[in-house]
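**Q** Sequence:
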Amino acid sequence: MQPVMNPKYPGLSVRVADEGFAPYIWGSDFSFEVAAYGAAAIGKPVEQWPVTPIVPYRKCYGIDPEEFSAFHNAPDSAIFMAYLDDEPVGHLVISTNWNGFAHIDELAVHAPARRHGVAKALLDVAQFWSRKKKLPGIMLETQNNNLGACRLYERCGYVIGGIDQLRYRGIDAHTAEVALFWYRLFDNPLEKPLSSTTSPRLVP
Numbered sequence: 001m002q003p004v005m006n007p008k009y010p011g012l013s014v015r016v017a018d019e020g021f022a023p024y025i026w027g028s029d030f031s032f033e034v035a036a037y038g039a040a041a042i043g044k045p046v047e048q049w050p051v052t053p054i055v056p057y058r059k060c061y062g063i064d065p066e067e068f069s070a071f072h073n074a075p076d077s078a079i080f081m082a083y084l085d086d087e088p089v090g091h092l093v094i095s096t097n098w099n100g101f102a103h104i105d106e107l108a109v110h111a112p113a114r115r116h117g118v119a120k121a122l123l124d125v126a127q128f129w130s131r132k133k134k135l136p137g138i139m140l141e142t143q144n145n146n147l148g149a150c151r152l153y154e155r156c157g158y159v160i161g162g163i164d165q166l167r168y169r170g171i172d173a174h175t176a177e178v179a180l181f182w183y184r185l186f187d188n189p190l191e192k193p194l195s196s197t198t199s200p201r202l203v204p
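Under the UniProt record's numbering, the sequence shown has 143 at position 143, and the numbering climbs by one with no breaks.
Among the clues, some could well be false.
[Stated by the list, open to error] Mimicking EDC-like on lysine to aspartate or glutamate, the simulated pairs with C-alpha atoms at most 20 Å apart in a straight line are:
(1) Lys120 - Glu87
(2) Lys120 - Glu141
(3) Lys44 - Asp172
(4) Lys59 - Asp187
(5) Lys44 - Asp164
(6) Lys132 - Asp164
(7) Lys132 - Asp187
[As the list claims (entries may be wrong)] Label pairs and their calculated CB-CB ranges:
(8) Arg115 - Pro136: 42 to 52 Å
(9) Val159 - Lys134: 33 to 43 Å
(10) Glu19 - Gly62: 33 to 43 Å
(11) Ala22 - Asp85: 13 to 23 Å
(12) Trp26 - Lys59: 36 to 46 Å
(13) Ala39 - Asp85: 37 to 47 Å
(14) His174 - Arg15: 37 to 47 Å
(15) Gly170 - Ile54: 19 to 29 Å
If you're looking for bench data, these hints aren't it; they were derived computationally from the structure.
We put the CB at the ideal spot given by N, CA and C, even for glycine.
Construct all of the structure, not just a fragment, from the sequences and the given hints.
**A** Now the structure itself:
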């Protein structure tokens with residue numbers, strides 16, 4: 001697959017991950033600030049969720065570049081890296097799930113590179129990859145304490161298909177963290193087709 005350029009951010013591109021993937025992972029900061037928990041509800045916009053503020057803290061998932069080593073150059077999975085001015089700043093791990101949907105196993109952006117369209121560009125590539133494989137849509141999971149990600153997915157046409165309040169209770173019996181399962185369905189009759197200005201553009 002050729003590099004994908006984002007016309008709104010000329011210095012931003014997405015490419016198939018190469019041998020620079022592991023050094024990029026080890027050298028990046030994927031943490032984010034948690035300042036509140038949202039009470040998600042199916043069919044209700046994120047901005048209408050009741051929110052419980054908390055004392056802010058930084059949350060970071062431990063990302064192991066070897067975890068998805070088998071996803072490289074595989075028929076039903078792929079790893080992509082996003083670059084800003086040729087510096088790696090984000091990545092996407094995607095695969096075909098057992099239920100026929102594309103599954104975003106991981107999407108992360110280096111903290112200093114956020115708010116430059118990186119996550120949106122990676123989601124555009126996820127859609128391109130999924131449609132090319134003629135899959136019915138995309139699914140992913142996030143949590144009710146990552147409200148920025150929830151707003152992004154909503155803006156990109158994802159809807160909540162499921163809420164799991166017990167998923168993280170095995171780690172912490174008293175946690176307020178709730179798993180949210182988001183879906184991007186391609187056969188929605190109300191959905192407008194992607195235009196040339198919003199879809200990823202392949203360049204030589």
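**Q** Where does the structure disagree with the numbered hints, that is, which hint numbers, in rising order?
**A** 3, 4, 6, 8, 9, 10 and 12
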